[in-house]
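*Asks:* As you go down the protein sequences, you meet chains Z and X in turn.
For what it's worth, my numbering labels the leading residue of the first sequence as 5, then goes sequentially.
For what it's worth, my numbering labels the leading residue of the second sequence as 4, then goes sequentially.
Errors might be hidden in some of the hints.
[What the hints assert, rightly or not] Restricting the straight-line Cα-Cα distance to at most 30 Å, the calculated cross-link-like pairs of lysine-lysine (DSS-like) are:
no., chain 1, residue 1, chain 2, residue 2
1, X, Lys218, X, Lys137
2, Z, Lys43, X, Lys14
3, Z, Lys57, X, Lys267
4, X, Lys43, Z, Lys43
5, X, Lys267, X, Lys212
6, Z, Lys57, X, Lys40
7, X, Lys33, X, Lys252
8, X, Lys216, X, Lys110
9, Z, Lys57, X, Lys137
10, X, Lys288, Z, Lys57
11, Z, Lys43, X, Lys110
12, Z, Lys33, X, Lys267
13, Z, Lys57, X, Lys43
14, Z, Lys43, X, Lys40
15, X, Lys267, X, Lys43
[Unchecked claim] Stretch-level coverage of chain Z by chain X, calculated; a stretch enters the list once three of its residues show a Cβ under 8 Å from a Cβ in chain X:
no., segment
16, 12-24
17, 84-91
[What the hints assert, rightly or not] Pulled a few chain Z residues facing chain X out of the computed Cβ check, cut under 10 Å:
no., residue
18, Ser27
19, Asp78
20, Tyr80
21, Tyr81
22, Arg98
23, Pro99
24, Trp100
25, Val102
26, Leu108
27, Glu115
28, Arg119
29, Phe121
For the record, the hints were derived by calculation from the structure and aren't laboratory data.
Cβ atoms here follow ideal geometry from the backbone N, Cα and C, with glycine treated the same way.
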Amino acid sequence: MENCNMKRGFFFLRDCDHPAHQSCCTCGKAFCNDHLRIKPGSNEPVCLDCLGKTMQQSPQNKANTASRDRYNDDYYYDDVWCYGYRHNYYSSYRPWYVGHTSDLQGSHFGENDIRVFEPSAEIDDMDAEAPDPEANVFDS
Amino acid sequence: MKFFGAFSQYKALSDEQKSFISNAQKKFVKTPDELVKFFKPMAVFDKTCDEARAQLLNYVILFGILSFLGIFATAALAEDYSIIIAVELLMVLLTFVGIIIRWRLGKIDIHNNLREFVVPVVNLIGQDMEAGTKVSLDLDLRGKTLDSKLKDTRKDDPGWFSYPKVTTRIYDDPWFKLTGQLVDGSKLILNVDDQVTRLDKTYKGSSGKIKSKTKYKVKHEIMAGLALKHKKYAVAGENELSVLGDGLKYKDGDNRQLICLRDKIKTQDVDAHVDPQRCLALLGKIFMSVQPAAEKGS
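Looking at chain Z on its own, in the form it has when it is part of the complex (with noise of 0.2 Å):
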């Protein structure tokens, strides 16, 4: 079964290691559930780059709310603004990218858009602590 064809994340970008479950119909790219919602309007799944590409080129006033309640609070307090707001940003960011760059082919980057770490410095101690706002952050 084809791998979510998502690239997830920010300043760094990753694989989604879920299985595709259906197609975006916009972009026509297959994806996991966690990166699909249902386009408002048409009960179609679409990705969290299409929908958000669709709510940030609505007009940015802040005065005017009422591109954002077109597509329903839902929307801004999810996933998908951020999936909106990082197809601007990047004209000014080249993101992390933590994988191999042969993985970016089908996605929406390309090498230049990226920048990656060296292998030797793979990430090898992550750990899931609850981070301690008044411990010396040089501590490890």
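Starting from the known structure of chain Z, fit chain X onto it as the hints suggest.
*Replies:* Showing chain X alone in chain Z's frame:
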């Protein structure tokens, strides 16, 4: 009538969420997903609440004007006295009902920073964290001009019957503090500290009348810090970091390099929310100024 929606959304909130709205201050140690799930219904409620209060204000103004006009109508149309009086009373009643409902909604309103800043920032930071990793979030949305936040008061009083008299109060409101660990192992610190200056001025107008006015000056200070691992990132030197401009602080430790950036936003609206994009821009600037550990010098 949006206030029906606002009250039903408030009713649907959990006890913990209602308690947060009334206290508006809490320290959380949760995953970003859990936090967004916790805040989202409150954010939706807060938006509806603000819309309902704006709508009610319009109704109160409308009914108030109609009540005022009703007094003249009563006098002019003395023949239909009873109907006019009934309509007049209805308008006055609706005006008061509108004021009371608006006041009740104001009591359960929470600062817009929750929905406009906290939810987007926590959501976005969560995109770059391993599933299950917790963040520490210290929130204080009680208000910027509480007595407990008053840092300094200065009075400029020239004496009895002498004007202008100016009282300056300075408040410090560190309302947002988030710490966590990103997917690359970097430690993240985000702080927002608002400094509010309230100026109460009593002065003599050109007609000789004594007038008073209150003015606010608000300075939002955003601090974004990243403690980057030497294993992942090359230590950035003064030259590389100088592009980050004013507000930069950095320190090198045994395992990490800490880079902090500050941004200041000035406004005169004490209820203004902070734009999350200003905060995320600081993090982006820091990440753009560093290089992977093995790449530097190659």
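*Asks:* All the hints need checking, so say for each whether the structure fits it.
*Replies:* Taking the hints in turn, this is what the structure says about them:
1. Among the hinted pairs, X:Lys218 with X:Lys137 is inconsistent with the structure: their alpha-carbon atoms are about 40 Å apart, more than 30 Å.
2. Among the hinted pairs, Z:Lys43 with X:Lys14 is consistent with the structure: their alpha-carbon atoms are about 29 Å apart, no more than 30 Å.
3. For the hint linking Z:Lys57 to X:Lys267, the alpha-carbon distance of about 29 Å falls within 30 Å, and the restraint holds.
4. Of the pairs offered as hints, the one joining X:Lys43 and Z:Lys43 holds, with about 20 Å between alpha carbons and a cut-off of 30 Å not exceeded.
5. Under the criterion of a C-alpha separation no larger than 30 Å, the hint pairing X:Lys267 with X:Lys212 is inconsistent with the structure, at around 38 Å.
6. The straight-line distance between the Cα atoms of Z:Lys57 and X:Lys40 is roughly 23 Å, inside the 30 Å bound, and the hint therefore holds.
7. Proximity of X:Lys33 to X:Lys252 is assessed by CA-CA distance (about 29 Å); at most 30 Å being required, the pair is judged to hold.
8. For the hint linking X:Lys216 to X:Lys110, the alpha-carbon distance of about 25 Å falls within 30 Å, and the restraint holds.
9. About 29 Å separates the Cα atoms of Z:Lys57 and X:Lys137, which keeps this hinted pair within 30 Å; it holds.
10. For the hint linking X:Lys288 to Z:Lys57, the alpha-carbon distance of about 23 Å falls within 30 Å, and the restraint holds.
11. For the given pair, Z:Lys43 sits about 36 Å from X:Lys110 by alpha-carbon distance, which is inconsistent with the 30 Å threshold.
12. With a C-alpha separation of about 42 Å, the suggested pairing of Z:Lys33 with X:Lys267 is violated against the 30 Å cut-off.
13. In summary, the hint linking Z:Lys57 to X:Lys43 is supported, as the alpha carbons are separated by about 21 Å, within the 30 Å threshold.
14. Proximity of Z:Lys43 to X:Lys40 is assessed by CA-CA distance (about 21 Å); at most 30 Å being required, the pair is judged to hold.
15. Annotation: proposed proximity of X:Lys267 to X:Lys43 holds, straight-line Cα distance about 27 Å (limit 30 Å).
16. For a cut-off of 8 Å, the count of residues in the segment 12-24 of chain Z with a CB near a CB of chain X stands at 6, and the three-residue condition holds.
17. With 3 residues having a beta carbon nearer than 8 Å to a beta carbon of chain X, the segment 84-91 of chain Z meets the requirement of three or more and the stated coverage holds.
18. Evaluation of the Z:Ser27 hint against chain X yields a violated restraint, the C-beta minimum of about 23 Å exceeding 10 Å.
19. For Z:Asp78, the interface hint holds, the least distance from its beta-carbon to any beta-carbon of chain X being 8 Å, beneath 10 Å.
20. The criterion of a C-beta within 10 Å of any C-beta in chain X is met by Z:Tyr80, whose closest approach is roughly 8 Å, and the hint holds.
21. Interface restraint check: Z:Tyr81 against chain X, minimum CB-CB distance 5 Å, threshold 10 Å, status holds.
22. With its C-beta approaching chain X no nearer than about 7 Å, Z:Arg98 sits inside the 10 Å limit, and its interface hint holds.
23. Taking 10 Å as the C-beta cut-off, the interface hint given for Z:Pro99 holds, the closest approach to chain X being about 8 Å.
24. Nearest Cβ of chain X to the Cβ of Z:Trp100: about 7 Å, under the 10 Å cut. The hint holds.
25. Satisfaction of the interface hint for Z:Val102 is found here, the shortest Cβ-Cβ separation to chain X being roughly 7 Å, below the 10 Å cut-off.
26. Because the closest C-beta pair between Z:Leu108 and chain X is about 17 Å apart, greater than 10 Å, the hint is violated.
27. Evaluation of the Z:Glu115 hint against chain X yields a violated restraint, the C-beta minimum of about 15 Å exceeding 10 Å.
28. The interface hint given for Z:Arg119 is met, as the beta carbon of that residue sits about 7 Å from the closest beta carbon of chain X, less than 10 Å.
29. For the restraint placing Z:Phe121 at the interface with chain X, the shortest Cβ-Cβ distance is roughly 5 Å, inside the 10 Å limit, so the hint holds.
Checked against the numbered hints given earlier, the structure breaks hints 1, 5, 11, 12, 18, 26, 27 and satisfies all the rest.
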